[in-house]
Amino acid sequence: MNSDTTNVADKYLTFVLATEEYAVDILRVQEIKGWNKVTTIPNTPEYICGVINLRGTIVPIIDLRLRFQLERLAYGAMTVVVVVKVLSATKKERIMGIVVDGVSDVYDVAEEKIKPPPDFGSVISTEFVKGLATVDNKMVIILDIDRLLNSNELAIVDSLSQ
Amino acid sequence: MAVDLTEIRELFIEESLENLDVMESNLLDLEIGTLDKELINSIFRAAHSIKGGAGIFKFEKIVTFAHAAETLLDEMRNGEHLITQPLIDVLLCAGDMMRMMISALQDDKEYDVQKVQACQNELQKNLKTPIENAQADYDVSPPTMPEASENGQTEHKVSLPTTPEVSSPLPETTIPPSSKELPINETLPTISKGWHIVFKPALSMLKTGNDPIYLFRELARLGDLEVKTDSSQLPTFEDIDPQLCYLSWELTLYGDIERAAIDEIFEWVEDECELHITALEPSAQRVEKIPLSKEEKLDFDTEIAFKQEEELQLDKENFFEKQGKIPFNGEDIILKKEEEILLDKVEEFEKPEGEISKSVPLQNEKTLEKEEITPVKSSESVKEAFLAEAEITKGVAKETSIPDEKIISPSSLKISAKEETVRTKQGSGKNHTHHTIESNSIRVSIDKIDNLINMVGELVITQSMLDQVGEGFDNSQMSQLRDGLGQLERNTRELQESVMRIRMLPISFSFNRFPRLVHDLSEQLGKKIELKLSGENTELDKTVLEKMSDPLVHLVRNALDHGVEIPEQRRAAGKPETGLLHLHAFHQGGNIIISISDDGAGFDLKKIRDKAIQKGLATLDEYLSEEQLHEFIFQPGFSTVTQVSDVSGRGVGMDVVRRNIRALGGTIEVKSKYGQGSTFNIRLPLTLAILDGQLVRVGEDIYILPLLSIIESLRVKIELVSSFASRAEVYRLRDEYIPILRLYTLFNITAATNQLDQGLLVIVEGDGQKIGLFVDELLSQQQIVIKSLESNFKKVEGVSGATILGDGSVALILDVAGLIHLFHNQTKLPIMRIRSNL
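Chains as they are written, first to last, in our numbering: chain V, 3 to 164; chain E, 25 to 862.
Calculated from the structure, these hints are not laboratory results. Using N, Cα and C, we set each Cβ at its ideal position, and we do this for glycine too. Heads up, some of the hints might be wrong.
[Claimed, not checked] To be clear about the criterion: a stretch of chain V counts as covered by chain E if any three or more of its residues have a C-beta under 8 Å from a C-beta of chain E, and this derived list gives those stretches:
1) 54-60
2) 67-77
3) 103-114
[Stated by the list, open to error] From the structure, some residues in chain E lie toward chain V, with a derived Cβ separation under 7 Å:
4) K85
5) F748
6) A752
7) T769
8) F771
9) V809
10) L813
11) V820
12) I828
13) G830
[Unchecked claim] Listed next, the in silico DSBU-like pairs over lysine-lysine satisfying Cα-Cα at most 35 Å (straight line):
14) E/K695 / V/K94
15) V/K94 / E/K571
16) E/K571 / V/K35
17) V/K87 / E/K811
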């Protein structure tokens with residue numbers, strides 16, 4: 003966590019999902035909390051776990067494992083929820099929680115070090131990926147949190163409510 | 025250093041709209057043939073404020089327009105016009121035009137220029153004295169425009185913020201003929217008040233990001249600003265470096281302005297320009313060149329003070345001579361008080377140098393004497409000034425505390441009286457900026473806040489009491505603990521109520537527009553209608569209030585158009601010619617009821633029945649009760665009116681009215697007696713933030729049903745359940761068949777049971793339809809605070825929001841109408857799917 007060379011905007015919080023390491027802009031992270039019981043919302047996709055009460059506001063929780071079609075992991079005391087601020091297309095700020103396996107570290111990643119994701123064709127959708135970066139010889143996938151938690155999530159909810 | 029004008033602009037718009045409301049309601053209160061000066065004054069003040077505000081933002085059209093209206097009002101006030109209905113109508117129309125222009129500003133839209141022009145012509149026609157083109161004084165070309173280079177000195181006048189041209193003591197302004205010259209005038213020397221500023225920016229000033237136009241804009245906010253541009257240094261076009269500032273300016277600023285205020289404006293450019301600021305002298309000819317620096321300012325003040333002292337001394341004597349002859353009225357007492365305040369202030373200002381301290385109060389006294397003279401001269405305008413002043417005496421006192429600014433021009437006493445107004449307006453403007461209001465703000469009375477503070481105080485006491493009990497608690501203190509908890513509960517509830525009350529506004533906010541509406545419509549329809557408003561102080565939630573506005577207008581229009589008959593018909597029916605429309609609001613058991621009743625024709629049930637049959641909504645031999653018939657008027661496209669007017673009668677509307685009311689969780693009912701009138705009762709919840717909820721459990725989940733929507737809950741008798749077309753179940757409840765909606769099916773969750781006789785059926789109503797919700801069990805009933813699901817997520821059909829339960833978990837609030845909709849969609853699915861869920 004050295005901050006002498008880069009500015010804050012280039013700091014990323016990384017978390018682990020299965021064996022992969024993902025990163026989000028640390029300025030978007032509001033807090034990291036443990037798992038609490040959620041209230042499920044009817045007729046929503048499986049990866050929308052439900053909503054929780056975060057100090058008086060209702061915050062939806064999204065399971066990233068299920069979102070990325072990974073195997074479901076039972077929620078428990080070790081489950082971590084990263085609460086992030088998401089901006090919609092209209093710059094409206096929403097608070098959402100994402101369930102991850104565990105948070106790992108905070109890295110400085112310079113903007114120019116972020117490589118665009120390779121094109122996997124239709125096999126893997128890379129629309130939520132901002133880029134790839136190498137930290138300590140590991141690959142870190144930098145997520146575009148706005149796209150991930152806006153477009154598709156809500157579009158799916160949209161189509162369901164029709 | 026540019027000030028964000030947009031915020032102030034919004035403030036202006038909001039204030040102007042408020043002023044227009046005041047204008048309108050006062051206009052409607054005016055009685056024909058009488059001259060109620062108080063009322064006219066307040067209308068005048070409203071128009072005046074709008075004009076002043078518009079001036080700041082250089083909305084010349086509004087300024088010109090408001091000026092015309094103001095002039096007419098002034099003439100009315102002076103008794104030059106009798107108050108007649110056409111005159112009131114013209115002014116009402118003028119108000120509408122201003123509203124239109126201001127709304128156009130608000131939305132950045134165009135408005136109907138022709139309409140405005142027509143109305144303005146109408147205004148002009150009514151004027152006794154033609155007004156000089158007000159626009160001339162509001163020439164707004166920015167002073168930095170290079171076109172100024174034609175001749176060395178080009179004059180620009182920047183519009184003044186609050187000083188209307190009638191009151192500006194510019195030598196070239198003609199004093200309106202209505203102002204009366206008074207003998208005392210001649211004995212007083214001509215003293216102008218204001219500042220003369222010579223501003224020569226360094227060539228490089230623009231490079232540092234300073235723009236003279238901002239400075240001037242700031243100055244113009246202080247008072248009436250006259251700008252002379254000196255473009256003699258401007259090179260030929262080829263040689264111009266656009267990054268250099270070749271122009272210099274001579275500015276004359278009129279009004280009561282603190283030297284410090286001007287200094288502050290130039291603070292940032294001080295070392296990048298040549299700046300000379302001098303006070304305007306009686307003759308306005310002697311211009312001292314005094315460099316701008318804080319140390320020297322003192323000397324400067326002394327100098328001026330010395331110069332004026334002699335004259336002032338003279339004036340004072342003169343004045344006192346006069347004073348003996350002039351009767352003072354009660355208002356002077358206020359002035360005297362103010363004088364004391366002023367003197368106190370002046371004393372605070374006293375500098376160590378003896379001379380100054382002497383001269384300064386003197387000067388001030390002199391000014392005050394002037395003020396005292398004015399009321400005698402044109403008591404009306406002064407009265408007006410005082411009315412405004414009374415509210416903001418503080419602001420005024422502050423402003424007048426600087427000695428130099430108080431040199432009043434007595435060239436016309438009318439003028440000084442008006443300036444008084446202007447100055448007070450400035451003061452009020454300042455006061456307002458302190459509590460800047462946004463468009464979605466709310467004004468809360470101090471009472472409510474005090475109440476809230478008391479509650480919090482009690483809560484703190486309860487808390488400390490519980491704290492004490494908790495320390496070294498043993499079972500013997502159980503009763504004390506119970507008491508404490510009870511008190512805590514009471515405190516919390518009271519606190520909650522008080523907080524909710526903050527959002528409450530009296531319904532008069534909505535009712536106030538009706539006098540105008542009724543006035544206009546009755547004229548248009550040729551009917552005589554008396555509007556009676558009662559219960560205007562009944563409070564309801566701001567959101568509810570806002571959403572109720574349109575439905576109410578619709579109902580009132582309907583009542584006027586279809587309800588109340590024309591005078592001839594009324595006479596024939598043996599009713600008084602003037603119809604009565606009564607709007608009444610009151611509380612009833614946690615709800616607010618708004619009733620709109622008229623003594624007009626009432627509903628012709630036969631006509632409704634015929635129409636219903638014609639539309640295929642009912643059959644010929646069907647018996648329809650009165651309620652059922654009334655229900656038809658809420659059908660879209662249902663109208664018994666043969667003639668469609670531009671007021672109403674198209675049959676759209678009542679269904680929208682009902683939908684709006686339902687969306688707010690309210691109901692509407694009709695009572696009518698043919699030939700005697702009809703009454704609409706709207707029942708609304710007091711607030712949208714809290715509702716009484718019934719907690720129900722389905723499987724592991726807890727949902728909340730609004731108590732209002734529940735009709736009854738019952739245990740299912742299995743023999744009363746029948747299936748319908750093998751895809752839906754219905755339950756026979758007395759004479760009705762009610763569809764059964766299994767909540768767990770709808771929500772795809774696991775319930776504790778799928779046996780109908782093991783759960784409960786909650787009969788709910790939504791969208792005019794009854795449905796039986798099958799749930800596992802009913803839990804408690806409680807007041808719940810509605811939380812938005814949409815703010816962080818998305819609207820979910822069948823769910824109107826969420827709430828937080830006592831244990832901190834979230835429960836969803838069910839929306840019955842949405843559930844029914846969802847249910848309808850689902851029953852359309854293939855039979856197999858439904859079967860599999862059964």
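These are the hints, each one checked on the structure:
With 5 residues having a beta carbon nearer than 8 Å to a beta carbon of chain E, the stretch 54-60 of chain V meets the requirement of three or more and the stated coverage holds. With 0 residues bearing a CB less than 8 Å from a CB of chain E, the stretch 67-77 of chain V misses the requirement of three and the coverage assertion fails. Coverage of the stretch 103-114 of chain V by chain E is violated. Counting CB-CB distances below 8 Å, 0 residues qualify, and the rule asks for three or more. A distance limit of 7 Å between C-beta atoms decides the matter here; for E/K85 the minimum to chain V is near 34 Å, and the interface restraint is violated.
Here the hint on E/F748 is broken, as its CB sits about 24 Å from the closest CB of chain V, past 7 Å. A cut of 7 Å between beta carbons decides the hint on E/A752: the least distance to chain V is about 19 Å, and the hint is violated. A distance limit of 7 Å between C-beta atoms decides the matter here; for E/T769 the minimum to chain V is near 10 Å, and the interface restraint is violated. Satisfaction of the interface hint for E/F771 is found here, the shortest Cβ-Cβ separation to chain V being roughly 3 Å, below the 7 Å cut-off.
With 7 Å as the threshold, the beta carbon of E/V809 stays out of range of chain V, its nearest partner Cβ sitting at about 9 Å, so the hint is violated. With a least beta-carbon distance of about 6 Å to chain V, the hint placing E/L813 at the interface is held under the 7 Å criterion. Checking E/V820 against chain V: minimum C-beta separation of about 6 Å stays under 7 Å; hint holds. Of the supplied interface hints, the one on E/I828 holds, with its beta-carbon coming within about 5 Å of a beta-carbon of chain V, less than 7 Å.
Given the 7 Å rule on beta carbons, the hint for E/G830 is violated: about 11 Å separates it from the nearest Cβ of chain V. Under the criterion of a C-alpha separation no larger than 35 Å, the hint pairing E/K695 with V/K94 is inconsistent with the structure, at around 46 Å. Between V/K94 and E/K571 the CA atoms are separated by roughly 24 Å; this keeps the pair inside 35 Å, and the hint holds. About 40 Å separates the Cα atoms of E/K571 and V/K35, which puts this hinted pair outside 35 Å; it is violated.
A threshold of 35 Å between alpha carbons decides the hint, and for V/K87 with E/K811 the separation of about 19 Å falls inside it, so the pair holds.
Comparing the model with each earlier hint shows violations of hints 2, 3, 4, 5, 6, 7, 9, 13, 14, 16; every other hint is respected.
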